[in-house]
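My request is simple: use the sequences and hints to build the entire structure.
Going down the list, the sequences are from chains A and B.
1 is the number of the first residue of the first sequence in our numbering; add one for each residue after it.
1001 is the number of the first residue of the second sequence in our numbering; add one for each residue after it.
Hints were generated in silico from the structure; no laboratory data involved.
The reader is advised that the hints may include incorrect statements.
[Claimed, not checked] Listed next, with one range per pair, are the computed distances between beta-carbon atoms:
#: 1; chain 1: A; residue 1: Asn268; chain 2: B; residue 2: Glu1268; range: 27 to 33 Å
#: 2; chain 1: A; residue 1: Pro58; chain 2: B; residue 2: Arg1140; range: 15 to 21 Å
#: 3; chain 1: A; residue 1: Ser164; chain 2: B; residue 2: Leu1074; range: 27 to 33 Å
#: 4; chain 1: B; residue 1: Ala1077; chain 2: A; residue 2: Pro170; range: 46 to 52 Å
#: 5; chain 1: B; residue 1: Val1134; chain 2: A; residue 2: Asn168; range: 55 to 61 Å
#: 6; chain 1: B; residue 1: Glu1268; chain 2: A; residue 2: Asp74; range: 44 to 50 Å
#: 7; chain 1: B; residue 1: Leu1145; chain 2: A; residue 2: Leu291; range: 17 to 23 Å
#: 8; chain 1: A; residue 1: Pro82; chain 2: B; residue 2: Val1054; range: 42 to 48 Å
#: 9; chain 1: B; residue 1: Phe1130; chain 2: A; residue 2: Asn87; range: 45 to 51 Å
#: 10; chain 1: B; residue 1: Ser1066; chain 2: A; residue 2: Asn124; range: 22 to 28 Å
#: 11; chain 1: B; residue 1: Leu1074; chain 2: A; residue 2: Asp74; range: 44 to 50 Å
Every residue gets a Cβ at the ideal spot worked out from N, C-alpha and C, and that includes glycine.
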Amino acid sequence: MGKFVLHRLLQAIPVLLVVITATFFLVRSAPGGPFSAEKAVPPAVLKALEARYQLDQPVLNQYFSYLGDLAAGDLGPSFRFPGRSVNEMIYAGLPATAELGLYALLISMLLGTTAGVIAALKPNTAQDYIPMSTAMIGICLPSFLLGPLMMLVFGIWLEWVPISGWGNIPGDKILPALTLASGYTAYVARLSRGGMLEVMSQDYIRTARAKGLPEWIVVIKHGLRGGLIPVVAFAGPAFAGLLSGSFVVETIFQIPGLGRFYVQAAFNRDYTMIMGTTVFFAALIILFNLLSDILAVWLNPKLRQQTNGDSG
Amino acid sequence: MVIPDEWLVMNDDLTLPGATDTERGSSLWRDAWHRLRKNKMAVGGLFILILMCVLALLTPWIAPYSYEEQNLVLGAAGPSAQHWLGTDTLGRDLLTRLLYGGRISLAVGFIATSVALTIGVLYGTFAGYFGGRVDATMMRLVDILYALPFMIFIILLMVIFGRNILLLFLAIGAVEWLTMARIVRGQVQSLRQQEFIEAAISMGLSQWTIIRRHLIPNTLGPVIVYTTLTIPSVMLFEAFLSFLGLGIQPPQSSWGLLISYGVETMEEYPWLLIFPGLALSTTLFALNFLGDGLRDALDPRASKD
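Set out below in structure tokens:
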């Protein structure tokens, strides 16, 4: 297990390096040059940029100085807002985004696995079709459509919940969290249904039943552990999705989070901000993929044996 | 003596191995079609999809108004006999705009998916066919690419190089080929050990001919299923980017863009949000149901029992 973790950790480093390199050279290759003076950048910013990227030097030197700064945790200055750094923007936006993501993750895991398990217990009956058709709606109604629709119905027409803001009025976190959670709830429901269907036909489940255990103990104690492996494996990629989902949800509900800042930076062509946040997001996504891989192996004894045999 | 390629193909090009010993008339494809026809949701999906495609193709002839035509006096009006789905704030006919938007949304879906299809199938076949070190290296690269946060990269690309629709096709296609390559490679690996490939090799066919005539056609089943499921995810991604203002740019229009306009004025003119949303989600539903249906119909495990 330790060997496996180390192996995965070592794999993550080149990936991160690829991301940083690609981001750097993509931004540098922007038509007309991203830092050209024609874009009316305040002189103070330009000066900071010149110092930061040593713009008078060869590109490779700039690249290595950028790598050095990143290693020291410095993501660079903002190109549009003088005096602000990417680090500050991230500190300002991260709490709201993290909170929103956490709620969405909790909702989707609880609701999704419950629906999936219920559906898997009686496959091809109404108990299966109803939650699974609802899940299909969650997949086909993207957040940028579901969010505004819920806002319109529950916020504007019925006036049950506030429609924008974050932490100002009680209840203003409900709609954003539900919107962000909808797609994941649906995926988790489908995944846990598939996982449970497979596990519940295994011999050890039959053994547990033969022992005379009550059905709910069989399901919860013996079924869930194996049945939820696909859900855990999905948690890593889901995190990347939650992040991009937060771009939309934060924009719609005007939440001062990282996602909204990122979209604004993309809109303003704030190159250094985009560069910095891209690297930051990438590092987070890689980290979460790593964690979910490790968790999946830890949960699955079969995989654990394999990883002990060889380092793959 | 030169043996025509056709002799080496049992039944026909489209038959999957395993079905080769079944009698004529119940090929895997015919069976699959029978199973698919019984699945009402999938048939409904197929029907809606064909309808959408026909509408998109015929748009310039059937659109009730011209794309640019404004009616500022009318402004935003709800559905009426003249304007079935109402008009937007500039008095433009929403149905017309939806039809033109659908052309772009569907085009992005199909073109980006075919980019992914081409790269993925060729890459996967190559890796699976040559195996060994070539395979290990090629799939290693896929693993690394899998770990990259592409969504963010595409946004970066769109910001840097302008919101170019061609670039959007290529960028999305370049992301989606990875899973396709994995699926095809797995298929080719198992096909590679079948006798008909050995026969083809012993006949002295060139490797390219074997790949083209015997391997690729036999991977079609899973490829079709995955393609059907890729199209909606691509369309969704385009709509997502356009919604954020980073995808399709006016005067061009797509369902995602129309939805984002609809959101701005949804309080006063809800139909401007509801109809584009309906168009997008209906198409996504259709594609997903069709894909699920195809998977059930073509799944070899399901066909055993």
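May I ask you to test the hint 45 to 51 Å on the CB atoms belonging to Phe1130 of chain B and Asn87 of chain A? Check passed, 47 Å falls within 45 to 51 Å.
Within 27 to 33 Å or not, the Cβ separation of Ser164 of chain A and Leu1074 of chain B? holds, 31 Å
Range first: 27 to 33 Å. Now tell me if the beta carbons of Asn268 of chain A and Glu1268 of chain B are that far apart. About 29 Å separates the Cβ atoms of Asn268 of chain A and Glu1268 of chain B, which means 27 to 33 Å holds.
Is 22 to 28 Å a correct range for the gap between the Cβ atoms of Ser1066 of chain B and Asn124 of chain A? Hint violated: Cβ distance 50 Å, outside 22 to 28 Å.
Can the suggested window of 17 to 23 Å be confirmed for the beta-carbon pair Leu1145 of chain B and Leu291 of chain A? Once the Cβ atoms are compared, 20 Å apart, the range 17 to 23 Å for Leu291 of chain A and Leu1145 of chain B holds.
Between the beta carbons of Leu1074 of chain B and Asp74 of chain A, is the distance compatible with 44 to 50 Å? violated, 56 Å
Go ahead and decide if the range 46 to 52 Å is satisfied by the Cβ distance of Ala1077 of chain B to Pro170 of chain A. Since Ala1077 of chain B and Pro170 of chain A have Cβ atoms about 38 Å apart, the given range 46 to 52 Å is violated.
Consistency of beta-carbon spacing, Asp74 of chain A to Glu1268 of chain B, with hint 44 to 50 Å: holds, 47 Å
Hint check for Arg1140 of chain B and Pro58 of chain A - Cβ pair distance inside 15 to 21 Å: violated, 32 Å
Go ahead and decide if the range 55 to 61 Å is satisfied by the Cβ distance of Val1134 of chain B to Asn168 of chain A. holds, 59 Å
Given the hint of 42 to 48 Å, check if Pro82 of chain A and Val1054 of chain B actually sit that far apart at their C-beta atoms. violated, 55 Å
The structure shown violates the earlier hints numbered 2, 4, 8, 10 and 11.
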